[in-house]
Amino acid sequence: MTDQVALLERAKAYDLAALTELYDCYAPRMYAYIYRRVSDAALAEDLTSELFLRVVRAIQNERAWRDSFIAWLYRIAHNLVVDHYRRQPLASPISLDEALVALDDDPASIVEDALARDRVRTAMHRLTARQQEVLALRFGEGLTARETARVMEKTTGAVEALQHRAMASLRRILAGEETS
Amino acid sequence: MTTTDDSLERELKKLYAHVPPPPGGLAAGRERMLAEAARLKAQFTSLSISNAAKTQEPDRRRKMKLFLAYKIIAAVVAVVMGTTAAGGGIVLASADSLPGDTLYSVKLIVEDTRLALTADPADRAELILSFAAQRTEEIGRLMAQGEPVPEDTLARMARHTEQIMVQIAHAQQEDIPGLLERVVERTRAQEQVLERARTLVPEETEPALRLALEVTERTSDIASAALKDPERFREEYQHRHRGTPDPDDGASPSRTLVPPCEACTPERDRDRDRDRDRDEDRTHTPQPTVTATPSLAPTSMPTHTPSPPGPCETCTPVQDRDRDRGWESPPPSTSMPTRTPSPAGPCETCTPEQERDRDRDRNGDRTPTPSPSMTPTPSPPPASMPTNTPQPTTAPMPSPTSVPRPTHTPMPKPTHTPQPKSTQPPMPEPTHTPKHGGHGSGP
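These protein sequence lines map, in sequence, to chains A and B. Each residue of the first sequence is one higher than the one before, starting from 146 at the first, in the numbering used here. Each residue of the second sequence is one higher than the one before, starting from 39 at the first, in the numbering used here.
Partner residues aside, some chain A positions facing chain B, computed with beta carbon under 8 Å:
1) L161
2) L164
3) P173
4) Y180
5) A186
6) A187
7) S194
8) F197
9) V201
10) A209
11) R262
12) L280
13) A281
14) M312
15) L315
16) R316
The following label-pair restraints were derived from C-beta to C-beta distances:
17) A151/A to D190/B: 33 to 41 Å
18) G184/B to R174/A: 17 to 25 Å
19) A313/A to L141/B: 49 to 57 Å
Honestly, the hints are just simulated from the structure, not real lab data. Positions of the beta carbon are idealized from the N, C-alpha and C atoms, including for glycine.
So that you can see chain B by itself, here it is in the shape it has in the complex:
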């Protein structure tokens, strides 16, 4: 073959001129695209409605308090910044800033200060909700402008979302249902924006986006479940996060919740959280006698439900969704939750490459491959796992954490818990659990 440029060009053109027709035609692709467009259009419409609804404040008194707090903070920040007039102007100007703007850090300082100066848990919950909504709006605006969404913004959104439920649990009982409803509503809007962002964020931001999405979904699930029994939710959360929430925890990563591991999945964070609770319970609660019956008060929280073996209907809503999306490994073969024995360690398996592959899996490019490190290991003592504990059949939503009531019903020591017959397979969660926990399996 001649290797001059001209002849090579001719060869290339000849090569490129040959294009066979698509074997299946292009009509299927068109249908797929139109179906996706219809889905996005519906999502977009519901998002607009949700955004319009969220602007309505439920309580005039609260509004006034927020307004007052804002004024005080604006003044404080202005004083801190030196010149009152210029500082106030900067604070106001920062309100519309976006991540990456010079004034954006001022906006965040103002937010943190507002939170630090707010003591009432309901007000704090409102504030945190509004901050999460701010992050949602910022992400939407960045996407509309074609700008990359910074990892910090996503992490901050995840942190806000994590904090909301603790604050709500410490609010006045009559405020809780309203707040929970707003959490459900806003987390849905947040979820939609994050879902849209999935197609646009750069590869390196994908883990942060996934974390934010998972936290949002989990919070939405918790809030939905809590709405069914706010009293129980309040009791359990107050017990789990003993004492009143720290007024400063908005300025720094959550102190009442275990700080989320950026590299881990929320599933793992949750397991770590549960381990911590279990350790605390072992340390602080009196040990029950052998006669203690397993009549533990089942909790309404779906987050601590381990993933039992067997069919999908026994999974938590988050697990169901994860499975649908191909984000999580397949169902475990034992009764252990999907975590490694060292939950606090870094998640070395969650590389961006895998994240991307999982995303592709979600789009049906290939079947999901279970990550080896996510494979459950049978090392922890099964006696401590509540899946082996006989479950009350009439309980609405049993939770494996089995957090004891503060006044009575001490936590039975796992080894003393009457065990079901060893020949029985691990007890799956009641099949009605998912119905209580979530709002569908995602778009």
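Next comes chain A alone, as it looks inside the complex:
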């Protein structure tokens, strides 16, 4: 923890070695989180790069990250994703090809898995940004409700309620698809 604080202090003074260390430590995780939100690898890569630009521009504002640096990163990432969808409301779901390349199972199962994922993903995009965020943090990042609450700057109870509503909505959307 002390090491982390010292590292951040150095990064705050624009120490390039410290910033490199921070980037190497957190960029893959942030990329994965953003990918889970946008389902587009190239876009996730761009937004990850943009995220760290914002980090370096705002790192002197110590108050923003003092409580939890990773929570701050998740917040910036969320804002970037929201900004992106505000500019370009239509989500571009992942292509089946991408999913095919990623798996080395038998073809039938590949297609089945990809279709199932695509279906859930499409349904996910109909949730609100906050609902998507809570699900990505809880089930994608594996954060506890408490950690999620810290990232989202909400109480644990509020996070649990939001997650409950998100799951209910998702269930409804998927059920609606099945009946239609």
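Chain B: place on chain A using the hints.
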């Protein structure tokens, strides 16, 4: 598909478990971040140096006068506040207050009172410079504390900056170069802080921040150009803002300058300012005869240069910078400046959404989209536009306002100005104009 929570959770985890590797790797992002860090570090270092330099007062006499004025004002404010001892304490305590603090309004009252009690234009310019520096420092402190920068503070900073040049123009001739140098130095520091603030301010404050930044950049450009010919600067400004500056104008929005439209860009404010000047000239100046030659005294002020068609080298420094940053629409297709025919109207196109998009454009997210209302329209008579007036080739910095000298050289009526051949394209500004006007195209 089952829709129980457990199975849905499993589906979600399965979905989230699949993350392909980044197609281009993450190294490019690292390089981009490190380059930005190096740039910010350099900026931060120069800002520290600039802040250290600005604390040096150029003149001991002036310092004494300021000190005396401060004492008088402190006493006046203390009396106004009722109890002298408590009031004085409050005034002193307010000096370190920040926007949002209870004592901050006292600080502003003290500033306004100091300005109102100062008559000498050079002293007033010094004071206004110090107030602008105060706003800069406050914004820096607010950012460091993670507090939002209030719109009022930015507007006040923009107003101070707008007022400085008028005061300097009315100062003693020997004081002007020194004051101009300080304006250049301080506006640079101000610009750096505002640039840093761009990444941190909330969306709704962005227009005010942009305005403050534009005014700062414009003032910096004017001061840089004026340094090359302080005499001409003085003459022109004194003529434009007839009479001595009003000692009360520090307490209220500028009365010698057209009050800036919060929603408009400084480009538009400037055009509006120029229109006003032109109207005044039409009203008050004798009309020249047809034989009047276009040997207008070119001015050294870059602010009133219209944006001519053609390549970037003909633009004003502000326009160049705007173009670089993607804030402004692309170069106009005619010789008209980038303004709508009703310059005083509200700028309904400058929504925060657009401001944000422009900011993103600056970061290279997408190509800038010209705002339809910024598209030049060919309605005003081209004869009044000085871009069609033959320009003296040896003039250092021709200005389209062509403000006539008060003693002679009356303003030629635009319709009587000998026109270049109609087949010729609109005359761009001499290509050396930008070199005189600014200090680079921003970070």
